[in-house]
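Can you build the whole structure from these sequences, using the hints too?
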Amino acid sequence: MELTGAEIVVRCLQDEGIEYIFGYPGGAALHIYDALYQQDKVKHILVRHEQGAAHAADGYARATGRPGVVLVTSGPGVTNAVTGIATAFMDSIPLVVISGQVPLKLIGDDAFQEVDAIGITRPCVKHNFLVKDVRDLASTMKKAFYIAATGRPGPVVVDVPKDITAQKIEYFYPKSLKMRSYSPTRKGHPKQIRRAAELLLTAKRPMIYTGGGVITSAAEAELTELVRLLGYPCTNTLMGLGGYPADDPLFVGMLGMHGTYEANMAMHGCDVLLAVGARFDDRITGDLAKFCPYAKIVHVDIDPSSIGKNVRADVPIVGDARSVMRDLVKVIKEGDVAPDAGALEAWWRQINDWRGVDCLAFDRTSELIKPQFVVEKLYEITGGDAFVTSDVGQHQMWAAQFYKFTQPRRWINSGGLGTMGFGLPAAMGVQLAHPDATVACITGEASIIMCIQELSTCKQYDLPIKIVNLNNRYMGMVRQWQEFFYDRRYSHSYMDALPDFVALAESFGHVGMRIEKPADVEGALRESLGERNRLVFMDFITDQTENVYPMIAAGSGHNEMHLSPDAGEAPQERELA
Amino acid sequence: MNHRHIISILLENEAGALSRVAGLFSARGYNIESLTVAPTDDATLSRMTLVTTGSDAIIEQITKQLNKLVEVVKLIDLTEGSHIERELMLVKVMAVGDAREEVKRLVDIFRGRIIDVTESIYTIELTGTGDKLDAFIDALRMTQVIEVVRSGVSGIARGERALKL
Chain A
1 MELTGAEIVV RCLQDEGIEY IFGYPGGAAL HIYDALYQQD KVKHILVRHE
51 QGAAHAADGY ARATGRPGVV LVTSGPGVTN AVTGIATAFM DSIPLVVISG
101 QVPLKLIGDD AFQEVDAIGI TRPCVKHNFL VKDVRDLAST MKKAFYIAAT
151 GRPGPVVVDV PKDITAQKIE YFYPKSLKMR SYSPTRKGHP KQIRRAAELL
201 LTAKRPMIYT GGGVITSAAE AELTELVRLL GYPCTNTLMG LGGYPADDPL
251 FVGMLGMHGT YEANMAMHGC DVLLAVGARF DDRITGDLAK FCPYAKIVHV
301 DIDPSSIGKN VRADVPIVGD ARSVMRDLVK VIKEGDVAPD AGALEAWWRQ
351 INDWRGVDCL AFDRTSELIK PQFVVEKLYE ITGGDAFVTS DVGQHQMWAA
401 QFYKFTQPRR WINSGGLGTM GFGLPAAMGV QLAHPDATVA CITGEASIIM
451 CIQELSTCKQ YDLPIKIVNL NNRYMGMVRQ WQEFFYDRRY SHSYMDALPD
501 FVALAESFGH VGMRIEKPAD VEGALRESLG ERNRLVFMDF ITDQTENVYP
551 MIAAGSGHNE MHLSPDAGEA PQERELA
Chain B
1001 MNHRHIISIL LENEAGALSR VAGLFSARGY NIESLTVAPT DDATLSRMTL
1051 VTTGSDAIIE QITKQLNKLV EVVKLIDLTE GSHIERELML VKVMAVGDAR
1101 EEVKRLVDIF RGRIIDVTES IYTIELTGTG DKLDAFIDAL RMTQVIEVVR
1151 SGVSGIARGE RALKL
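Listed in order, the protein sequences are those of chains A and B. Numbering of the first sequence is given in this note's numbering, commencing with residue 1 and proceeding in unit increments. Numbering of the second sequence is given in this note's numbering, commencing with residue 1001 and proceeding in unit increments.
Don't take each hint at face value.
[Claimed, not checked] What the simulated footprint calls covered on chain B by chain A, stretch by stretch (three residues with Cβ under 8 angstroms from a Cβ of chain A suffice, anywhere in the stretch; the number is not a length):
| no. | region |
| --- | --- |
| 1 | 1007-1019 |
| 2 | 1052-1063 |
| 3 | 1086-1095 |
| 4 | 1111-1125 |
[To be verified] Across the chosen pairs, the derived CB separations fall in these ranges:
| no. | chain 1 | residue 1 | chain 2 | residue 2 | range |
| --- | --- | --- | --- | --- | --- |
| 5 | A | 119 | B | 1090 | 27 to 37 angstroms |
| 6 | A | 178 | B | 1026 | 24 to 34 angstroms |
| 7 | A | 183 | B | 1042 | 18 to 28 angstroms |
| 8 | B | 1019 | A | 109 | 15 to 25 angstroms |
Simulated from the structure, these hints should not be mistaken for laboratory data. C-beta atoms are modelled at their ideal positions from N, C-alpha and C, and glycine is treated no differently.
Right, dumping it as C-alpha cells:
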C-alpha cells in the first residue's frame, strides 16, 4: 500500500517499536503531526520547548537503553533542540531526531523557518541525513536507528523536507541493515585480552576505573564479576556510577575533580590501571603530566579514537565492554596465575588509610540545611532505589557523591556537556519509561529555571517527579570557583530576584514545599515521596557557603586535592610496594 | 616531531561528505595543507587526498576520527609506505621581450607545457611534486607571474599496495 512520507515516518517509528516521542509541532512538521494524530501506537509527548524534547528523549534513552526519539519543526524548532542533541552526543546517548525542513525547492532561498539543520548539527551528531527523495525515507530511518544505537551510540538527525512528507510511495521497512562504511567492532582481540590479563595479574597496586561504556553495554554483571574475582579496587566516573555497586567494599567512590580522596590517591599510586568504557576526560585526569605516574594502562573502549587520545595505553583493546570483560574473566579463570595476595593486602591497607580521611564529611551540627544532608536522606529514604536526574553544578556533584547507586541507568546527568536545564526534562523521559518508579530531580535554583517551562508538560502527563531544589541563592559551582580562584569576587553568580518556587509550582498545578530547617528535611522528603501521583517541588533553603570537596584544582594531580575543613588529616603515606 | 602525511580516503559519494571531513579538521584544530576530492571509477565512491602535518599522536587521532565518520569507507596513510604524489599547476606569466624565450626554456627544463599563448602572455601547465612546482615558481623570478592555480596533491601507493574496496 502506498503511504505518504509523513505516514512512512510514523510507520518506521512503529516498526522500531517506539513507545514515546517527544516533540513540538510547527509548519514543516505538520504532515508528520497529522499522521501521528491518526494512529495510537506511538505516543507523542508535547513539551514546552524543543530543548526539553531532546533532554526528555535523552532521559528516556538513559533510563532504558533504547533510543530516544525527538520530533521538531524546521528553523527554531531544530536550533532549540541543538543543546539537547549536543548533550546526548557528549555522553554517547542514542537519539533519533526528526526535524521538519522547508520544501526541497525552497532550500537555500532563506525561506520562512529555514535553517541548515544538517550544517548546524553536524559537529554534535554521530551522523545526520537530509532526505531528498521519498524513496530513501524508510531506509534512512532504519539507518538512523541503527547508527544511533550501535557501536558508541549517539544522536542522529533526519531532516525531512515538507514536500517529501506529502509524496506517496510503497512502504518497505528493512529488517536488518549492512553498511560498508559503518561496522563497529564488538569483540576484543584475543591476543590483547591475554596481554591485559597477564598485566593485570602482575599488579601490586592495581586499580579498575570504569565509565559510561559499562552502562551502555550493560556490562555491570561482568564488571562486578571481574572486580570480585581479582579483589581489586574499583572506581567509577561520573558517567559510570551504578556500573559497580557503590555499597560494595571494593568500591572506592567516584574519581576525578570531585572524586573521593581514596579513589584519586589510588589512581595516583596504582601500578596497573584497567580502564573500561571511559575516555580519560580532563575532569578525570587533572593535569595529564601528573596523571597515573607509575601505571601501565589497559584501555578498553568500543571507540578506537578514545584510545590514545589523551593518555597512551600500554594494552589497547577495541571492543564492547561487556564482551571484553567476559573474555577477560574467562582468560583469568582458565590461567593458573592468581593476584599477588601479599601486595594486594598492603595496597588495601593503604587505601583504607586514605578512606580514614573521611573526605566527604560535612558539618552535621549546622543550623542551616547542608545540601549533602538532603541527598544523604533522599538516599536513605528511597533505599537507593530511585532514578535520580540532576542538573549541573554543586548539587550534581553532591548527588553523585552521596547517592550510592547500586544499579546502572539510575543516575542520569549531563556529564560531558554539562548542560544546566537537563534535569527536569530528563526526569520526564525517565518517569514515562518507568511510571511506577520514584524519579527524583536533584537540582539547584539556577539550573531548574533554565527549563522550568516543562513543569507544564509534567502537569499535562501527570508525571509525579520529585524535584529536590538545593537552593543556595547562588550559581554554587561558579561561586565556589570565584571563592577559591578569584579572591571572592562573586561576579554575576548571585541569583537575585528568584521566584517563590512554592507559588510557582502551585501555579503549574503541582505541590510546592519550602524547607528551611535541617530537622524538617526528612519529613518533607517522606511526605513528598508519599505523594504518589503528584509532582512535588521541594525548595530546600541551604547553606550558601557550602563547597564541594574534595577538589582537584586545574593543573593539579590526583595526589594534590583540596580537602574539606570537615575531613580528617591526610595520613602518612605508606611505603608502596 | 611534526611530519607531513598524505592520507587517501575512499568515501561515499554523497552530498555533505566533504563538509564532514572539513568540519572535523576545523573542530578538532587539525591543519589541512591541501585537500582534493573527485568521484572514482565507481560512481558511488569519491576519493580524497588530504595533506596534513602533525605528531604521530595527532596523525593517529586524525585517522581514527576520519574512520569514525560514517561516510568514510576506507583510508590509508600513503606516507607510511613508498608512494607517488603529483600536483597540477597552471601559471599565467608575462611573456614579452627576453622573457618570452627564457620562460619557454624553463618550461622545457621542468617538462611543463605552454597551453595558451597571446602576444604578451603564456599560460603554462606543470605537473609534479609540490617541491618541483615551488621550484618552478622560484625560477620564474625574471618575469611577472600573473596568476597561479594549484590542484592540491593527489597520491597513490607504489606497487601492490592499493586503496580499494
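The hints, checked one at a time:
{"no.": "1", "hint": "1007-1019", "result": "holds (count 5)"}
{"no.": "2", "hint": "1052-1063", "result": "holds (count 3)"}
{"no.": "3", "hint": "1086-1095", "result": "violated (count 0)"}
{"no.": "4", "hint": "1111-1125", "result": "violated (count 0)"}
{"no.": "5", "hint": "119/A to 1090/B: 27 to 37 angstroms", "result": "holds, 32 angstroms"}
{"no.": "6", "hint": "178/A to 1026/B: 24 to 34 angstroms", "result": "holds, 32 angstroms"}
{"no.": "7", "hint": "183/A to 1042/B: 18 to 28 angstroms", "result": "holds, 19 angstroms"}
{"no.": "8", "hint": "1019/B to 109/A: 15 to 25 angstroms", "result": "holds, 20 angstroms"}
Checked against the numbered hints above, the structure breaks hints 3, 4 and satisfies the rest.
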